[in-house]
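*Asks:* Order-wise, the sequence lines are chains A and B.
Reminder that position 254 of the first sequence reads as 254 in my numbering, one-by-one numbering, no gaps.
Reminder that position 15 of the second sequence reads as 15 in my numbering, one-by-one numbering, no gaps.
Please keep in mind that the hints were generated in silico from the structure rather than gathered at the bench.
Honestly, I wouldn't trust all of these hints.
Label pairs and their computed distance ranges (CB to CB) [unchecked claim]:
id, chain 1, residue 1, chain 2, residue 2, range
1, B, Thr31, A, Asp40, 25 to 33 Å
2, B, Leu75, A, Pro206, 38 to 46 Å
3, A, Gly104, B, Ile38, 38 to 46 Å
4, B, Leu82, A, Glu38, 32 to 40 Å
5, B, Asp36, A, Glu6, 50 to 58 Å
Chain A side only, calculated, beta carbon under 7 Å to chain B, not exhaustive [stated by the list, open to error]:
id, residue
6, Pro220
7, Val235
8, Arg238
9, Lys242
10, Asn243
Heads up, the beta-carbon is just placed ideally off N, CA and C, and yes, glycines get one too.
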Amino acid sequence: MNLHFEQMASSAQVPRALEPFDRWVSAEGEALSLFYRESDEYVVRFPDRADFTISLDRQTVTCTPAPGVADDVIEVLYFNQIVPLVMGCNGDLVLHASAVVIDGTAIAFLGPTRRGKSTLAAAFAKAGYPFLTDDGLILDQDDEDYLVRPRAPALRLCSDSEAAILQTAGLRPDSEDFKGRIMAGDEIPFHDQPVRLTAIYLLPEPQRRDRTEMLPLSQPAALSELLKHSFILDVQDRQRVKNLFYRLASVVERIDCFTLDYPRRYPELPGVLDSIIKHVRRGGHAS
Amino acid sequence: MNLDTRLEASSSVVTREVGGEMMLMDLESGTYFGLDAIGGRAWQAFEDGQTIEELCAQIEQDFEVDPEQLREDMLSLARKLLDNNLVTKKQD
Numbered sequence: 001m002n003l004h005f006e007q008m009a010s011s012a013q014v015p016r017a018l019e020p021f022d023r024w025v026s027a028e029g030e031a032l033s034l035f036y037r038e039s040d041e042y043v044v045r046f047p048d049r050a051d052f053t054i055s056l057d058r059q060t061v062t063c064t065p066a067p068g069v070a071d072d073v074i075e076v077l078y079f080n081q082i083v084p085l086v087m088g089c090n091g092d093l094v095l096h097a098s099a100v101v102i103d104g105t106a107i108a109f110l111g112p113t114r115r116g117k118s119t120l121a122a123a124f125a126k127a128g129y130p131f132l133t134d135d136g137l138i139l140d141q142d143d144e145d146y147l148v149r150p151r152a153p154a155l156r157l158c159s160d161s162e163a164a165i166l167q168t169a170g171l172r173p174d175s176e177d178f179k180g181r182i183m184a185g186d187e188i189p190f191h192d193q194p195v196r197l198t199a200i201y202l203l204p205e206p207q208r209r210d211r212t213e214m215l216p217l218s219q220p221a222a223l224s225e226l227l228k229h230s231f232i233l234d235v236q237d238r239q240r241v242k243n244l245f246y247r248l249a250s251v252v253e254r255i256d257c258f259t260l261d262y263p264r265r266y267p268e269l270p271g272v273l274d275s276i277i278k279h280v281r282r283g284g285h286a287s
Numbered sequence: 001m002n003l004d005t006r007l008e009a010s011s012s013v014v015t016r017e018v019g020g021e022m023m024l025m026d027l028e029s030g031t032y033f034g035l036d037a038i039g040g041r042a043w044q045a046f047e048d049g050q051t052i053e054e055l056c057a058q059i060e061q062d063f064e065v066d067p068e069q070l071r072e073d074m075l076s077l078a079r080k081l082l083d084n085n086l087v088t089k090k091q092d
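Using the sequences and the hints, build the whole thing.
*Replies:* Given below as structure tokens:
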């Protein structure tokens with residue numbers, strides 16, 4: 001993908017002339033990003049962080065950061081949000097998911113920001129199961145199979161996850177924006193070849209405090225979730241949304257989908273991984 | 001809306017059968033819905049231009065159902081589809 005990126009000087013965000021045609025909202029109702037279509041470009045606004053302008057031909061992205069926003073935050077937004085949106089618009093199937101390799105096949109963790117996708121990917125990698133991506137998972141169809149395309153040999157972790165998984169000091173400021181980049185290596189292996197996807201685990205709002213629970217998701221429910229967690233730049237582009245609907249329907253017919261809920265306490269993470277690995281090895285059967 | 005009403009799918013709706021359910025997606029609003037086996041059959045009947053009464057008569061041939069309850073359920077489904085702009089009333 002040829003995408004030219006340019007970062008402008010910072011500037012305060014001012015109200016835009018048009019209403020957004022789409023918005024991503026957190027579970028608490030906070031606007032995470034707003035989508036505008038203007039005459040010859042799309043603008044994706046991350047409130048108080050940055051505006052990204054994407055040319056209609058999807059060749060150029062220009063970023064105007066809000067004052068005081070660190071370059072690292074811009075890099076995360078660009079790589080984890082804007083690039084997947086453009087790729088989705090260019091015909092790739094891109095999901096809000098991370099993926100790791102277990103016994104030669106890939107499993108994916110699907111969910112919104114802060115639901116544990118990167119933490120699970122890092123924890124699995126640290127335990128010797130290489131990661132393929134920590135977000136913006138790209139699926140390529142290969143006859144009856146779907147392959148996870150490796151994305152970048154780096155993942156981003158909040159400082160508490162980094163400290164718990166990598167036993168680092170965790171001295172960085174911890175905000176929703178600030179996720180430190182961890183480069184792949186011997187300690188955190190990255191798998192650089194496409195791998196067949198065998199299961200998708202949806203990370204719902206955590207409920208369980210006592211144990212790890214994986215429940216099968218019906219195909220219709222899985223389709224709804226994949227639609228919710230796909231990167232699509234223009235929800236008003238009917239042809240693209242229609243294509244996405246049909247393609248994701250094919251995905252849920254071929255790939256087993258489950259919900260995955262687990263205790264959100266770092267000391268219990270090894271046990272969570274163990275439960276997931278057993279579940280994968282049993283082909284998704286409870287016991 | 002009555003038993004003689006004919007409905008037709010809105011032009012913005014795409015459908016796909018998935019896992020035994022008929023999934024509908026309204027491209028206009030971006031919302032999606034799932035219909036169970038009977039709902040899927042109703043959808044097919046509306047697409048074929050049948051009235052709600054014709055649909056009910058057909059279901060009665062295949063299933064043992066309370067005719068009154070069936071008509072109530074089908075009218076309720078039709079209203080729900082209409083309220084969500086998934087169908088429009090067909091003009092004769």
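*Asks:* Compare the structure with each hint and give your call.
*Replies:* Hints, one by one, checked against the model:
For Thr31 (chain B) and Asp40 (chain A), the Cβ-Cβ distance of about 29 Å falls inside the hinted range of 25 to 33 Å, so the restraint holds. Here the CB-CB span from Leu75 (chain B) to Pro206 (chain A) is close to 41 Å, well matched to the stated 38 to 46 Å. A hinted range of 38 to 46 Å holds for the C-beta pair Gly104 (chain A) and Ile38 (chain B), which are about 43 Å apart. Take Leu82 (chain B) and Glu38 (chain A): their Cβ atoms lie about 35 Å apart, and the range 32 to 40 Å holds.
A beta carbon spacing of about 51 Å between Asp36 (chain B) and Glu6 (chain A) agrees with the range 50 to 58 Å that was offered as a hint. Look at Pro220 (chain A): its Cβ gets to within about 4 Å of chain B, closer than 7 Å, so that hint holds up. Nearest Cβ of chain B to the Cβ of Val235 (chain A): about 5 Å, under the 7 Å cut. The hint holds. Hint status for Arg238 (chain A): holds, given a least beta-carbon distance of 4 Å to chain B, under 7 Å.
The beta carbon of Lys242 (chain A) comes within 5 Å of a beta carbon in chain B, closer than 7 Å, and the hint placing it at the interface holds. Interface hint status for Asn243 (chain A): violated, as the beta-carbon distance to the closest one in chain B is roughly 10 Å, over 7 Å.
The structure fails hint 10 only (numbered hints given earlier).
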